[in-house]
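Residue strings, one per chain:
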Amino acid sequence: MIRTDRLAVGIGGHDILRGIDLALPPGRITGLVGESGSGKSMAALAIMGLLPQGMAAEGRVELDGQNLLELPERELCRIRGKRIGMIFQEPMTALNPLMTIGDQVAEVLRIHQGLDRKTAQERARDRLDRVGLAAPRFPLTLYPHELSGGQRQRVAIALAIALRPDLLIADEPTTALDVTTQARILDLLKGLVRDEGMALLLITHDLAVVAGIADHVAVMQRGTIVEEGPTEQVFRQRRHAYTRALFAASTHQPRLVLPPAQPRPLLQVEGAVREYPLPRRGLAAPREILRAVDGVGFRLDAGESVGLVGESGCGKSTLTRAILGLDPLQGGRILLDGQEVRAGRAMAAELRARMQVVFQDPFGSFDPRWRVERLVAEPFHLTGLPRDWREQVAEALYEVGITGDAMRRHIHEFSGGQRQRIAIARALIIKPRLIVLDEAVSALDVRVRAQVLDLLARLRGSHGLAYLFISHDLSVVRQITDRVLVMEKGRIVEAGPTHQVLGQPQHPYTQSLLEATPRIPAAWQAHIPVNGLALSPPAP
Amino acid sequence: MLRYVIRRLISLGLSLLLASALIFSVVELVPGDPASFMLGTGAQPETVAALRQQMGLDLPLPLRYLHWLGGVLAGDLGHSFTYKTPVAGMILDRMQVSLPLALMALALAVLIALPIGMFAAARRGRAGDTGVMAATQVGIALPNFWFAMLLVLLFAVKLRWLPAGGFPGWDHPAAALKSLLLPAVALALPQAAILARVLRSALVETLGQDYIRTARAKGLSAGQALSRHALRNALIPVLTIMGMQFSFLLAGAIIIENVFYLPGLGRLIFQAITQRDLIVVQGAVLVLVAAVILVTFLVDLSYALVDPRLRR
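First to last, the sequence lines map onto chains L and D.
Mapped onto the working numbering, the consecutive letters of the first sequence carry residue numbers 132 to 671.
Mapped onto the working numbering, the consecutive letters of the second sequence carry residue numbers 344 to 655.
This is chain D alone, in the form it adopts within the complex (with noise of 0.2 Å):
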């Protein structure tokens, strides 16, 4: 198990280098200079030139990228153009906001799609199976800011039970939960369409597996023997979707985050995009690389876990 982790740990290290250098190297290829940007277009060679030495911009580029990664693993990922203030602090204020909203969708959605993956797996081929894929087939199709609009008209407009949008920040933790709670449903609803068919398919596969009819040799029922035998052996593919939702949730919310006035990390990027802030669309891209290979990482781990044939 140790030299597994060791050599997870090894993988995401290098990752996370190469990730930082390829986001570093595409920001400084995009044509444009940032201390002209910054100063505006009427301003003096003198005083550019003066700005790019301050800014470190006159260095090679390998020590430039040096010096980026130093302040970047101190916390420092620059000063974004337009507001001046510390990137690092404005990712950490929309993450606030986007961490929470992504965990509580991918949970919403595990909880979800577990019930109805394994109730069509066990029902196989019936018209149980059928209906219930019908059903997520068409949650896949739709678009999720549909069903937040739907959700919003019935729980906030409707029946004023949950604000139809905002943020009042941790402050008001009870309040913060109820706000994220109806955009959290909206993402985690095609997950968990997703999430359900990914679960049956495996499970399906499973199903059909000579330890299963041991099983049921041993006196176990059908349903004994999908929730003790089959339900751990699917979970690779599952945990393998999963991780690559929760990279999704995290920086893809963007529509939901519009539809619910939600100051997210999404609609950071996108601003920051618009007003072309090259420094915050590299730190926010960072933090979200690095958020994905981590996860990845996570998802590893819990392959080993699962299963005791990879543990070498």
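In isolation and in its complexed conformation, chain L is listed as follows (with noise of 0.2 Å):
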């Protein structure tokens, strides 16, 4: 069994970790949530002997009685893919590009037990066939390039068990997936720990994923566990605070204050086609053409919020660019304002200006050199340059609760938060009647994620502002649009008012992602005070 005791770890005489004392037994899954920031990932790499370089660790890391921590790197390096493994949250870049899937989990093998090649690719072949990558249709030799996002961190997590370790480290290992592959790989995560009897470690931010998968939950915050114990003890009483404050986020409702209804449509998308020619197969082969948006129509009204969702390659994104006028359509027509919205320059830059965006990452898609009010004022090209920007900006970075001298700061001198209501500043500043929102609050930890939410409604509510919120999210759909559009394979196979197509799914495409939603127990939510008042459980 491998434990904590009193780990601690600090950089320059700044703690970040503050005597975590964690027992890992076998069987167990143990789920550590917090937010970004509150060391639960430092505390994985302390235990892994991994920590960035100028960071030490002290306390102790028990595996067998002897302290990890006293360890030389000899020693830890025939600990590490052996005793405990550990898969990382972004699949896409967590194996080397350049190896077949079955020389990256062989090697595993090669190192600790000295196997020869062969006899190591067949042991390879089986743990992969364990976590559901059989042969024949995933031989050995494909490359990573050639796997899904789903499929890579299941490679990823073979080649941590191929071993069969004492402790399984998942650090947010279902954060860049899609809901249904998510599910699959929990599934797969705890038919693991029953099989093998192994100690699971979950970090997440995610309260209802742990709510589903573990059997005991630590909640951390600034470096230290402030509530631990069996996971449904935990969500029931929410002893302290902090973990109060975290439910209370994960629920949050943003409260509306609507202007009067203005049923005129302000964007129209009819019988919409995207096509892209796909590379040859082989010499001779014709040329493919896929079509990843297939004679997409909806209507979006003046004021009003929609969603769009749907898995990664359902065509969100290519259809979000050609409404942004960024990509040709292939066939049909997009209306904005009764104009038609084309691609490049025969889109009139006044068309363009009643159209804004913000996209899921709040700082690529800023230039790091600028300044903030050259930021925010950058959308001012499609409308001249009024002579008072600098008290447009300082308004619009206002009305964000973006205040003091942050016009003259860079922008990686604000939180992840901060940026993100800068770029909702800088969607405002021309005053757009519709802004479509891709992924915007995705990167966002819960608590930080309700407070742009209640600053969206707030602003739709004063601007009279329209959204088109495009998520893979299902529960911050919910809590902000009015209709959802559910697309899938580039068709949208089911429209309706949010609450009724989330209520009441018709197609089955919508209820298999409303099934593999993880959500919290609605019996464990019942009459919890929060701040004095009884809330009373949700409508199912």
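Calculated from the structure, these hints are not laboratory results.
Here are the simulated SDA-like pairs of lysine to any residue, each with C-alpha atoms no more than 20 Å apart in a straight line:
id, chain 1, residue 1, chain 2, residue 2
1, L, 213, D, 567
2, L, 213, D, 564
3, L, 213, D, 571
4, L, 620, L, 281
Mind assembling these two chains? They're in different frames, but the hints should get you there.
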């Protein structure tokens, strides 16, 4: 059994972890939850002995009675991968792109057991079969780029469990995956714990994931465990204020104050078709065409909030690019305020200015060398720079809750939530009618996400904005949209009022999405005092 | 993979054709008539006209190009104005020095750069890295003829291990290799310094990738993760630079060839330019350009060997 005892990590006199006590007995799934920066990943890396340079761990990480923190690097190499395995969040980049999956799994067996390539490959075959990548569909000779994200995560799991370790650490293993893929990966992890009797430390920010899988849960805040115990008990009791705040944020419902309804079409998509040529398979093979968006039609009224949901590859990003006028359509048309949206310079700047976008990655969508005032003022190139642009920038920033000397600073000086607020300010500055929010809150922690959702709800009320909210996260869509469109394989398979579609889904695809979405059992949420108020359970 | 190779081959053929046309027309456009140049200033106009007809200079330009191209493909690069010998033979003679010299220099550069780049990357940000990288900075800054003179002073003058210059020909392979060794080292040092820096920065970037963390979690030591996973992933930029370096070493060794009295391609081109021997210049430039295009083709193929994602 592996346990930590007063595990502490610091860098330059600054504490990152303070006295973490975790027991990880075989056959038990321990959920470690908390927001980004709470230290949960650092705890995992400290157990692995893989802390970044300059960080030192104190206390004990015990395996078979010896303290791993005192072992020399050579000994630790023999333990990593053999006694303790680890998988990470980003399956797309977690595997070496130049090595076959067979060799990558076999490598674990070769370095720890000195097996020859052939024997190691045979064992690798067995382990890949176990994680659901069976021959002949998944030969050992495949390269990572030939697999999907979920399949790559299975390879990463296969190599982490190749030697049947005592402990598997999974750091946000499903955060980058679709809900249905997530459900399958979580099932796989559950099965592995049951069959192989290993301990699983599951690190996640998602309380619903923990509710569905963990036996035991520990809640982390600022480098310490503030509450822990059997999952149901922690979820029902929520003794610590921080735990309660996390729960409140995860089911937060923004309060909407809506202007009078305007049943005037703002965005009309009619029979939209987007096609891509695929690379040829053979020398003389005909060029195949992928129809990513296949005759999509919908209407979004002024002041309305519409969700667009579906799994990766369903065509929602392709459709979004066409709506924004970034890519041309191969069929159908898109109208904004009755005028046709065209890709490239064919679209008038004045029309473009009525539509703005906020993307998922708040850092990647800003030029790191520009000051915030210039970043936020950028959309003015569509309308011409007004004389009082600085005042307008300050006002937009004020509206999103960014004050002080922010205008003169650079984007790296802000947190993720603040960056997303600045991105919203940039979208607001030229007073558009429609804001496209492409996974705009997916990268944010629950509490920050709740604040940003509140902000979006308030701005919608005060500015009469319409939103097209693209997300794979059904719970967020539930919180912020009036209507929802469900997209599968380039087509919209179900559409209607959000509460209706997500409450009584008609299409099997929508049903499978909802079924795969992890949720906290309603019974666990009953009558919990939050700030002295008793909340009734949400409607089923 | 086959598709990739065929696409590269097509691009190779087109590049060669374009380059040959360009080289041909540049020499054609240079003022001065080869016939009158060959016959000297006092020649009769009739004699010049006769020679022009004999050399095919009276034909229209596209026809002359095809005529010339046909000759090139048959291995005929024309005759030198000054030496009256076939240009192809002259270039071939010089290639016997320049090609082995370039290959030796490149091999040495890789042998020196590989351990240095890996060492610096493994110790990135620490004293070893800083020290080695400062040394490579000096290696790039100092001209190679200065290294050449130091090498001659030490190994030829003082220790008398290696000859100070000259080339005995390949009839004596051991002696020929010996005489190429010092110039190869002198050429290799600055290139090794460049290569080491490129390799280090490519490795440092690769070492920050997620799959290196996966490799460490598997139980590989930092060194194993570097040599088994990072090195191959860092090769693409290194191969690109190596291709460029080879092209440079083939023709750019003129100063070193002069320091060591080597009859190489660089000196041939230099002499031909000073003597306005345009046919030789044309032939040598054609051979060099073809070599560069060919090396680029080989580098492209090596990309696909390294990276399976490119094999489409």
